[in-house]
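For the protein sequence lines, the chains are A and B, in the order given. Quick note on our numbering: the first sequence kicks off at 1 and runs consecutively. Quick note on our numbering: the second sequence kicks off at 1 and runs consecutively.
Heads up, a few of these hints could be off.
[As the list claims (entries may be wrong)] Ranges between beta-carbon positions, derived for each pair:
(1) A/14 to B/55: 44 to 54 Å
(2) A/1 to B/103: 35 to 45 Å
(3) B/63 to A/15: 48 to 58 Å
(4) B/71 to A/77: 40 to 50 Å
(5) B/40 to A/15: 16 to 26 Å
(6) A/72 to B/70: 33 to 43 Å
(7) B/64 to A/15: 42 to 52 Å
(8) B/53 to A/16: 45 to 55 Å
(9) A/77 to B/63: 36 to 46 Å
(10) B/71 to A/60: 44 to 54 Å
(11) B/83 to A/64: 36 to 46 Å
[To be verified] Under 10 Å between C-beta atoms, here's a sample of chain B residues computed to sit facing chain A:
(12) 28
(13) 31
(14) 41
[Stated by the list, open to error] Far from chain B, by Cβ distances over 12 Å, these chain A residues were calculated:
(15) 43
(16) 69
(17) 70
(18) 80
(19) 86
(20) 88
(21) 104
Read the hints as simulated data drawn from the structure, not as lab findings. We put the CB at the ideal spot given by N, CA and C, even for glycine.
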Amino acid sequence: AQSVTQPDIHITVSEGASLELRCNYSYGATPYLFWYVQSPGQGLQLLLKYFSGDTLVQGIKGFEAEFKRSQSSFNLRKPSVHWSDAAEYFCAVGAQGGSYIPTFGRGTSLIVHP
Amino acid sequence: GAGVSQSPRYKVAKRGQDVALRCDPISGHVSLFWYQQALGQGPEFLTYFQNEAQLDKSGLPSDRFFAERPEGSVSTLKIQRTQQEDSAVYLCASSREQALTQPQHFGDGTRLSIL
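Just chain A, with the same shape it has in the complex:
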């Protein structure tokens, strides 16, 4: 069974600073990997996804993530954070060729200081 760990419950950064949110997954083969963002009172919005190929994927809103098989990680990065990026971020993993149902991490809350 697949699982996802987001080790940081909260991350606080200053506006303009760089950001890295950690995600580690457990799955026996090459996974599908996703990052979603959730603003208060809203549903989840897909930021980016990795299926295969280039391990550095670009997403919306200036986010990128890098798949590192050796570390079972898929960390989300942004070079310069904006106050509007404050939200909850969820990493999710799915099984290639297996279940079509993704497993979500518990989320990381991003707080942005002016």
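Put chain B on the given structure of chain A with help from the hints.
For chain B alone, coordinates are given in the frame of chain A:
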């Protein structure tokens, strides 16, 4: 509509009451998912429909939970004899096809509070 619509946005019920939560997916989307999101947690899978067929209900926590999608579009999640532990946000998502390569589009959720 342009996105996934869920109603009501907020629902307060007394313990023991039955509730019904509605999801209107994006037109033409074959796949429909229901998730339960407890406070401070990620979404947890409840059930999945492909058109009108409920293909997976392995995530439903008890037989008090029931979901249907009779015409392959709108779906209803019903919870009977609600308990306090049912308090959560219930999210609906739809996608064009049954495949993880197809992005899931989420509604804003229904926040259910059981008193």
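Take the C-beta atom of residue 63 of chain B and the C-beta atom of residue 15 of chain A, compute their distance, and say whether it sits inside 48 to 58 Å.
The hint (48 to 58 Å, Cβ to Cβ) holds, given that residue 63 of chain B and residue 15 of chain A are roughly 49 Å apart.
Reported absence of residue 104 of chain A from the contact zone with chain B (all CB gaps over 12 Å):
3 Å, violated
Could you say whether the range 45 to 55 Å given as a hint is met by the Cβ separation of residue 53 of chain B and residue 16 of chain A?
Since the Cβ atoms of residue 53 of chain B and residue 16 of chain A sit about 50 Å apart, the hinted range of 45 to 55 Å holds.
Per the stated criterion, does the least C-beta distance between residue 43 of chain A and chain B lie above 12 Å, as a non-interface residue requires?
3 Å, violated
Using the C-beta atoms of residue 71 of chain B and residue 77 of chain A, is the stated range 40 to 50 Å upheld?
44 Å, holds
Between residue 64 of chain B and residue 15 of chain A, does the C-beta distance stay in 42 to 52 Å?
46 Å, holds
Distance restraint evaluation - residue 14 of chain A, residue 55 of chain B, Cβ atoms, bounds 44 to 54 Å
Check passed, 47 Å falls within 44 to 54 Å.
With respect to the beta-carbon atoms only, verify the hint that residue 72 of chain A and residue 70 of chain B lie 33 to 43 Å apart.
For residue 70 of chain B against residue 72 of chain A, whose Cβ atoms are near 42 Å apart, the range 33 to 43 Å holds.
Given residue 41 of chain B was flagged as interface, is its beta-carbon under 10 Å from a beta-carbon of chain A?
5 Å, holds
Return the status of the interface hint for residue 31 of chain B: holds when the least beta-carbon distance to chain A is below 10 Å, violated otherwise.
Holds, because the Cβ-Cβ distance from residue 31 of chain B to chain A comes to roughly 8 Å (cut-off 10 Å).
Does residue 28 of chain B hold up as a contact with chain A if the rule is Cβ-Cβ below 10 Å?
Constraint on residue 28 of chain B not satisfied, violated at 18 Å.
Whether the CB-CB distance between residue 40 of chain B and residue 15 of chain A falls inside 16 to 26 Å
The hinted range 16 to 26 Å holds for residue 40 of chain B and residue 15 of chain A, with Cβ atoms some 25 Å apart.
Hint check: violations occur at hints 2, 10, 12, 15, 20 and 21; the rest are consistent with the structure.
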